[in-house]
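For reference, the chains in residue letters:
Number of protein chains: 2
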Amino acid sequence: MTKYYEDLSVGDRFPFGEYDVTDEEIREFAGKYDPQPFHLDAEAAADSVFGELVASGWHTASISMRLLVDHAFDDIAIVGGRGIDDLRWHRPIYPGETLSGSAEVVAKPEDGLRDTRGNVDFEITITKPDGSVAMSYVTLSMVRRRESP
Amino acid sequence: MTKYYEDLSVGDRFPFGEYDVTDEEIREFAGKYDPQPFHLDAEAAADSVFGELVASGWHTASISMRLLVDHAFDDIAIVGGRGIDDLRWHRPIYPGETLSGSAEVVAKPEDGLRDTRGNVDFEITITKPDGSVAMSYVTLSMVRRRESP
Chain A
7 MTKYYEDLSV GDRFPFGEYD VTDEEIREFA GKYDPQPFHL DAEAAADSVF
57 GELVASGWHT ASISMRLLVD HAFDDIAIVG GRGIDDLRWH RPIYPGETLS
107 GSAEVVAKPE DGLRDTRGNV DFEITITKPD GSVAMSYVTL SMVRRRESP
Chain B
7 MTKYYEDLSV GDRFPFGEYD VTDEEIREFA GKYDPQPFHL DAEAAADSVF
57 GELVASGWHT ASISMRLLVD HAFDDIAIVG GRGIDDLRWH RPIYPGETLS
107 GSAEVVAKPE DGLRDTRGNV DFEITITKPD GSVAMSYVTL SMVRRRESP
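Which chain is which? The protein sequence lines are A and B, in order.
For what it's worth, my numbering labels the leading residue of the first sequence as 7, then goes sequentially.
For what it's worth, my numbering labels the leading residue of the second sequence as 7, then goes sequentially.
Hint data in this document are derived by calculation from the structure and do not stem from the laboratory.
Keep in mind that a hint or two might mislead.
Pairs involving identical chains hold if they fit within one copy or between any two copies, as the list cannot separate such chains.
[What the hints assert, rightly or not] Calculated lysine-lysine pairs in the DSS-like style (CA-CA distance at most 30 Å, straight line):
#	residue 1	residue 2
1	134	9
2	134	38
3	114	9
4	38	9
Quick caveat, the model's predicted, so the values are computed rather than measured.
Could you put the whole structure together from the sequences, leaning on the hints where they help?
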C-alpha cells in the first residue's frame with residue numbers, strides 16, 4: 007500500500023535486495039559517463055591506487071538508486087528529489103561483487119511542508135558482500151501528503 | 007600537460023563543452039537505474055510536478071561526470087574520488103536540452119596531504135541552454151603530487 011508523507015517516521019528502515027555488479031556493466035557505464043582509465047582498463051587499474059578495475063563512483067550511486075526505487079520508493083508517493091548530502095565512497099566496488107544495503111528515514115524537515123507534499127530525508131547505505139559499507143549518503147526527497155488537494 | 011596537486015590553485019576554473027540530452031538516453035538510463043514513472047512515461051510525467059518527462063537526477067549527475075572527465079580531469083592527475091557534498095537539483099532537465107557548465111577549485115584541504123597525493127575539492131555547476139543552473143555540487147577528489155615517490 008502506498009505510503010504518504012504522514013505514514014513515514016524517523017527510524018523507518020527499508021532493507022534492499024541485491025544487485026550483481028558485472029565487469030561488463032562497469033565498463034559500459036564508465037565508457038558512457040566516467041571514462042577514467044581505472045574504470046575501463048585492467049592494466050591501467052593495476053597501476054592505480056585501486057590495484058584492479060573498479061566501478062565508477064557514479065555507477066555505484068546509480069545502482070543505489072535502482073535498489074532504492076525497487077525496495078523503498080516503489081511503495082512511497084515520491085514527488086521528486088531535492089538533492090544529496092554527505093555522499094562518501096568508503097570502499098571501491100570490484101567486478102563480480104553483489105551489493106545490498108538499506109534506506110532509513112532520518113529527518114522530516116518542517117520547512118518543506120506544503121499543502122501537497124513534505125520533505126523526507128533518507129540515509130542510504132550500500133554494503134559489500136562482507137557487510138562492509140561501500141557508500142553512504144543522505145537523499146533529500148519530497149513525498150506527497152495523504153490529504154493532497 | 008598533466009596538472010598535479012601543486013599546479014592547482016583555489017579559483018582555477020575549467021569550462022565544460024556541451025552534452026545533448028536525448029529522450030532516448032533519458033529513458034535508457036532511467037530503465038536501468040531510476041525506473042520512476044516521470045523518467046520513463048510521458049503520460050505519468052504529465053501528472054507529476056514536472057509536467058513532462060525529465061531526466062533522472064542521477065543521470066544528470068553522471069553526465070556532469072562525463073563533462074568533468076572530458077574537460078578537466080583529462081589534464082589532471084586524478085587518483086580517485088572521496089565523495090560529494092551539497093548536491094542540489096535546482097531545475098529539471100527535459101529531453102532535447104544541451105547541458106554545459108564548469109568546474110572550479112574551491113579548496114585544497116591540508117589534512118589530506120600525503121607524500122603521494124593531496125585533496126582537491128571542485129565545485130561543479132551544470133547549466134541549461136538559458137544559462138540557468140540545473141545542478142550543483144562539490145566533488146572531493148584526490149590528486150597525485152608532482153614529486154610522488
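Right, here's what the structure says about each hint:
Proximity of residue 134 and residue 9 under a CA criterion of 30 Å is satisfied intra-copy only: 29 Å inside one chain copy versus 34 Å between copies. In this assembly of identical chains, residue 134 and residue 38 lie within 30 Å of each other by CA distance both inside one copy and across copies; the values are 24 Å within and 20 Å between. Taking the shortest Cα distances, residue 114 and residue 9 sit within 30 Å of each other inside one copy (14 Å), while across copies they are farther apart (43 Å). In the homo-oligomer, the alpha carbons of residue 38 and residue 9 lie at most 30 Å apart only across protomers (24 Å), although the nearest pairing inside one protomer, at 35 Å, exceeds that limit.
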